[in-house]
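Q: Taken in order, these protein sequences are the chains called A and B.
Numbering-wise, our numbering comes out as the position in the first sequence, counting from 1, plus 1023.
Numbering-wise, our numbering comes out as the position in the second sequence, counting from 1, plus 1023.
It is worth saying that the hints were derived from the structure and are not from the lab.
Warning: the hint list may mix true and false statements.
[To be verified] Footprint (simulated), chain B over chain A, 3 or more residues, beta carbon under 8 Å:
| id | stretch |
| --- | --- |
| 1 | 1066-1075 |
| 2 | 1087-1100 |
| 3 | 1147-1153 |
[Stated by the list, open to error] Okay, the calculated bits of chain B under chain A, using three or more residues with CB under 8 Å as the criterion:
| id | stretch |
| --- | --- |
| 4 | 1138-1151 |
| 5 | 1203-1215 |
Each residue gets a CB set at the ideal place from its N, CA and C atoms; glycine is no exception.
There are 2 protein chains.
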Amino acid sequence: MINYPNKKKDEEFISTKPSFKTNSKGMIFEEEINVANSFYIREDIAYIYKKPTPIKILNTKAYTEGFQKKILINKAVFEKKSTTDYNGIYKGKYIDFEAKETKYKSFNIKSNLHVHQKEHLKNVRRHGGIAFLIVKFLFCNRVFIIDIADLELENSLIKFEYFLDKGIEVYQKRTLHLNYIDAVDQLLLKENNE
Amino acid sequence: MINYPNKKKDEEFISTKPSFKTNSKGMIFEEEINVANSFYIREDIAYIYKKPTPIKILNTKAYTEGFQKKILINKAVFEKKSTTDYNGIYKGKYIDFEAKETKYKSFNIKSNLHVHQKEHLKNVRRHGGIAFLIVKFLFCNRVFIIDIADLELENSLIKFEYFLDKGIEVYQKRTLHLNYIDAVDQLLLKENNE
């Protein structure tokens, strides 16, 4: 049994494959994205992976299982500084994004995005990559991607209406729960028309 | 004190920031690449990161340090299936590579590259990304990058001469120990001329 502080009770039973994070917010949403990514890899559409959580190992122990030498990590901590959740390749381009979900009718940049994550996404965008946030609003169960260039990073609170205006909605398909790559296509079209 | 099975004695004193891997081969070489990547980020040339080693957490314990809630991982194992060592963005393109060093005068593909890593690099290349191996030959202290498209993945043993012929040598600069991005530029030039 693993204890997640601040973990919501209902998530504990729904999520079958927990992706161990210090903050468990967005865990089911992440699973949805992982499922989509597996589908894209299988269909040779895009190669996008969840970055492993950076962990600092403090102690290990060697042991043998059958004839195999193995290593058990018996002391480690989560490293604070990670970049973003996902990156990969789509249509030759570098793609990088952060996935978040919120129960509010606005998105709090300050509490959802670290300074180094903002910088990272801005750098990717400036270097010609695809950089965005994918945000799930739980109150209406709608998902939007929003280009980092369209995100007023100085504003702390971004209203839902702003996502309706500037974001691209992710619609659900039969084959796939969260087909976000269609929204990425629209984002690329928008970029090319600018 | 962390015990690395099979760890070479001299590495223990040279490497200041060990990157915890089950196989410690190539640890110093990886450090050289990390230093180069930090330089590229600082100079706004490329954004390339070492992927964290995927770890499967089996047990955690919550504790408090001062007023801060923290999590200690007290049971975890290395996950076998990782993709490659590094990825990121360079000149708008997705870049992905694996770093290896060898003491031999040939490079053993089979023992150095997992099947899924080969597949991953081939997929990246096919989708228009930059995908290569960066190999350090310890016997002569020379480093080469080799396009995944130029690597005969079916052959198990690739001779050093093949790297001299098809690879691009990484020369060392004063500002930087391992300036591999110059070699990547040559690789891109070669690609465009094909």
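Q: Taking the hints in turn, state whether each one holds.
A: A quick look at each hint next to the structure:
With 6 residues having a Cβ less than 8 Å from any Cβ of chain B, the stretch 1066-1075 of chain A passes the three-residue criterion, so the hint holds. Only residues whose C-beta sits within less than 8 Å of a C-beta in chain B count toward coverage, and the stretch 1087-1100 of chain A has 9 of them, enough to reach three; the restraint holds. Taking a C-beta to C-beta cut-off of 8 Å, the stretch 1147-1153 of chain A contributes 4 residues in contact with chain B, enough for the three needed, and the coverage statement holds. For the stretch 1138-1151 of chain B, the proposed coverage by chain A is satisfied: 5 residues have a C-beta within less than 8 Å of a C-beta in that chain, meeting the threshold of three.
Counting residues of the stretch 1203-1215 of chain B whose C-beta sits closer than 8 Å to any C-beta of chain A gives 0, which falls short of three, so the coverage hint is violated.
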